[in-house]
Amino acid sequence: MGAPVDAESFAREAADLYTRLCRVAYLLGGDRGLAEECAQEALARAWQRVDRGATLDSLEAWTTTVALNWCRSQLRRRGAEARAVAVVAQRAEPTTDDDRSAGLSTEVRDAVVALPFRQREVVVLHYLLGYDVAAIAAVAGISTGAVKNALFHARASLAEQLGRARAGDEVENER
Amino acid sequence: MIDLDQQIRDGLVDASADVGASRPADLAFRLVAIRTRRRRTTRRRALALAAAIVLIAGMTVAVAGSRHGDQAQVITGPGEPKGFADLGPGWHVLDTGPVPGMSRAVLAWTGHELLVAGSGAMYAYDPNTAAWQRLAPPPFEPDGMVWTGEALVATGQSSTGGAPALSAWWDPTGDQWHDIGTVPVAPGLVAAGSRGPTSNDYGDSLVWTGQRVIDSTHGAVLDPGSWRWSDLAMPSNVIAYSGLLTTNPVWDGHELVISTFGTQAGLAWSALGTSYREVPGVPAALTGEAGVSRNTSAVAAAGSVVLVPGTDTGRAAELDPTTGSWTALPRVPGMRASEGCPKELASVGEDVLVAPCDGSDPLFLRGGRWQTTGPQPDVPADKNGFAWHGVWLGVDGAVIAWSTSTDAANEVGAPYVHAEVWVPPAG
Numbered sequence: 001m002g003a004p005v006d007a008e009s010f011a012r013e014a015a016d017l018y019t020r021l022c023r024v025a026y027l028l029g030g031d032r033g034l035a036e037e038c039a040q041e042a043l044a045r046a047w048q049r050v051d052r053g054a055t056l057d058s059l060e061a062w063t064t065t066v067a068l069n070w071c072r073s074q075l076r077r078r079g080a081e082a083r084a085v086a087v088v089a090q091r092a093e094p095t096t097d098d099d100r101s102a103g104l105s106t107e108v109r110d111a112v113v114a115l116p117f118r119q120r121e122v123v124v125l126h127y128l129l130g131y132d133v134a135a136i137a138a139v140a141g142i143s144t145g146a147v148k149n150a151l152f153h154a155r156a157s158l159a160e161q162l163g164r165a166r167a168g169d170e171v172e173n174e175r
Numbered sequence: 001m002i003d004l005d006q007q008i009r010d011g012l013v014d015a016s017a018d019v020g021a022s023r024p025a026d027l028a029f030r031l032v033a034i035r036t037r038r039r040r041t042t043r044r045r046a047l048a049l050a051a052a053i054v055l056i057a058g059m060t061v062a063v064a065g066s067r068h069g070d071q072a073q074v075i076t077g078p079g080e081p082k083g084f085a086d087l088g089p090g091w092h093v094l095d096t097g098p099v100p101g102m103s104r105a106v107l108a109w110t111g112h113e114l115l116v117a118g119s120g121a122m123y124a125y126d127p128n129t130a131a132w133q134r135l136a137p138p139p140f141e142p143d144g145m146v147w148t149g150e151a152l153v154a155t156g157q158s159s160t161g162g163a164p165a166l167s168a169w170w171d172p173t174g175d176q177w178h179d180i181g182t183v184p185v186a187p188g189l190v191a192a193g194s195r196g197p198t199s200n201d202y203g204d205s206l207v208w209t210g211q212r213v214i215d216s217t218h219g220a221v222l223d224p225g226s227w228r229w230s231d232l233a234m235p236s237n238v239i240a241y242s243g244l245l246t247t248n249p250v251w252d253g254h255e256l257v258i259s260t261f262g263t264q265a266g267l268a269w270s271a272l273g274t275s276y277r278e279v280p281g282v283p284a285a286l287t288g289e290a291g292v293s294r295n296t297s298a299v300a301a302a303g304s305v306v307l308v309p310g311t312d313t314g315r316a317a318e319l320d321p322t323t324g325s326w327t328a329l330p331r332v333p334g335m336r337a338s339e340g341c342p343k344e345l346a347s348v349g350e351d352v353l354v355a356p357c358d359g360s361d362p363l364f365l366r367g368g369r370w371q372t373t374g375p376q377p378d379v380p381a382d383k384n385g386f387a388w389h390g391v392w393l394g395v396d397g398a399v400i401a402w403s404t405s406t407d408a409a410n411e412v413g414a415p416y417v418h419a420e421v422w423v424p425p426a427g
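One line per chain: the protein sequences are A and B, in this order. Numbered by my numbering, the letters in the first sequence go through residues 1 to 175 in order. Numbered by my numbering, the letters in the second sequence go through residues 1 to 427 in order.
Bear in mind the hints are in silico, worked out from the structure with no lab data behind them. Hints may contain errors.
[As the list claims (entries may be wrong)] Quick list of the computed label-pair ranges, beta carbon to beta carbon:
#1 A:ALA138 - B:THR322: 50 to 56 Å
#2 A:ALA138 - B:VAL93: 41 to 47 Å
#3 B:ALA328 - A:ASP16: 29 to 35 Å
[What the hints assert, rightly or not] Which residues of chain A face chain B? A partial, calculated answer using Cβ under 7 Å:
#4 THR19
#5 CYS22
#6 LEU128
#7 LEU129
#8 LYS148
#9 ALA159
[What the hints assert, rightly or not] If we take Cβ atoms under 8 Å as the criterion, some of the chain B residues that face chain A in the derived model are:
#10 LEU12
#11 ASP14
#12 SER16
#13 GLY20
#14 ARG134
#15 VAL423
Virtual Cβ for every residue (Gly too), placed ideally from N, Cα, C.
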């Protein structure tokens, strides 16, 4: 995209990105407040640049990079990773047949949040945003080899975690 | 059998489906609010509508008494330097000893000790003994700290973030923090449409005038006698001064001055914060082309206010607040019209130290020209322009350059801390 020329047009484009960034940040940190703040921070930083005449080759790529870095810093700073784990533990309650659909997404989310941050961000970028390896490498600032490696290990962990959760569900359902 | 990839994809989409769906009706307004309250990383930027901040001047007085309590722990450093100035001219690496890596830090100088706080910890460094001492951590993550001569005042955010900003003071004798309460937002700012930032700008956020702590970001004044906040005097048309947002205020020894590198008038507050006056804007002949820059860093040196804007021209100017007269300074090499330029600006004595934006060595102004300081021993990688956080602080006879980061190499790893000291050459 070309550089927005004023605050109004920028806000229109940024609004389209807001939800995406929120979702990425939420899946990285498991915290809705943090996710909204992260999206706003990324957009605010982008706006600062555009407002000063800088041209961004891709608003989405730039804000996603900022969001990843900012989210990572905030998670460490606030100890939110520990909080996220605690949230996951609280949510890891048996589901009923009625909320079976919600349970599936909860299992995936909890399994993703439990991954190391690097694997987590790669998974979210790949599966939620549909980024390929090259795009992830560019946005996350790592090599394509590192992306492939992280995806491989993340996928293996998720397969194990989700398989275990599925087995647990089946035991619950049989009772 | 459900395909794993599809399961992950569907799960993530479903799990985040209701996140961020109710975005603000007017995102532009939110962006303005966020932009004006966000911290500075590599440059000084004042926030909220009328004012701003900074400067640590006239910080004298010794910290009396001994510290005690569970938090206090004396850790002896290498024991070599006897005061920063005794290190000799040039750059020196400062052994950070027990100080842990921090995502960011704020500094204050008590007159004989350097206080460093961040990431849930606070330490003191005595350059005369080269010893670090662990102190009671601030009750919140500080965005700004200032030494009043007898106590340390900090403002910042709660661990969960969000408004309003918190404040507390630290008693050096007992090594204890005491809550002051939330920082109020001046009615003038509220009337202008600002609810006030949730936090202050990095390190530049609080100024000690000798009588009051002024938080011009929120438009608030703290009386250290009662530990109560009151409103900073504000122009009725405060919105007309919004251009001052792009610079940081400084204490020139008499007034809190905020002025940007443009023809717009600046503002100067009294030490009590109960009155203000306009100061002349920079003459057009000195600014050159119109609308020179949106980024201006300010620092006080020898009673003057020095403005160094981020421009391709390298223009800079100096204000004599007493007479209101502006003088052009030699052009600063290596400057750019970009965010975060100049990278850093500080003063020590009559010397002004600046970090240009082209990666060249820092410069100091003396003899009517900018002279190189020589290379810093170690300059952290500037990943993405915001991965590390730098703070420069002028202390007695030296400038402290403090860098922190948790993302120095964009890797998940140990937090980072690095400190250097610059001592100006004699003469």
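**Q.** Residue hint LEU12 of chain B, partner chain A, criterion CB-CB below 8 Å
**A.** Holds. Min distance 5 Å.
Q. Taking 50 to 56 Å as the hint, is the beta-carbon distance of ALA138 of chain A and THR322 of chain B inside that range?
A. 54 Å Cβ-Cβ, so the 50 to 56 Å window holds.
Q | Proposed interface contact between VAL423 of chain B and chain A, which counts if any beta carbon pair is under 8 Å | A | Hint violated; VAL423 of chain B Cβ to chain A Cβ min 32 Å, cut 8 Å.
Q: Mind checking the hinted window 29 to 35 Å against the Cβ distance between ALA328 of chain B and ASP16 of chain A?
A: With Cβ atoms ~46 Å apart, the hint is violated.
Q) How about GLY20 of chain B: closest beta carbon in chain A under 8 Å, or not? A) Since the shortest Cβ distance to chain A is 3 Å, the answer is holds.
(Q) Is the interface hint satisfied for LEU129 of chain A? The criterion is a beta-carbon contact with chain B at less than 7 Å. (A) Since the shortest Cβ distance to chain B is 10 Å, the answer is violated.
Q) Per the CB criterion, is SER16 of chain B less than 8 Å away from chain A? A) holds (4 Å)
Q: For the hint on CYS22 of chain A, just tell me whether its beta-carbon gets within less than 7 Å of chain B.
A: Given a least distance of 3 Å, the restraint on CYS22 of chain A holds.
Q. Is 41 to 47 Å right for how far apart the beta carbons of ALA138 of chain A and VAL93 of chain B are?
A. violated (35 Å)
Q: Tell me if LEU128 of chain A is really an interface residue toward chain B, meaning its C-beta lies closer than 7 Å to one of theirs.
A: For LEU128 of chain A, the interface hint holds, since the closest Cβ of chain B sits about 5 Å away, which is under 7 Å.
(Q) Interface hint check: THR19 of chain A, Cβ to nearest Cβ on chain B, cutoff 7 Å. Holds or violated? (A) holds (4 Å)
Q. Quick one, is the ALA159 of chain A hint okay against chain B at 7 Å, beta carbons?
A. holds (6 Å)
Checked against the numbered hints given earlier, the structure breaks hints 2, 3, 7, 8, 14, 15 and satisfies all the rest.
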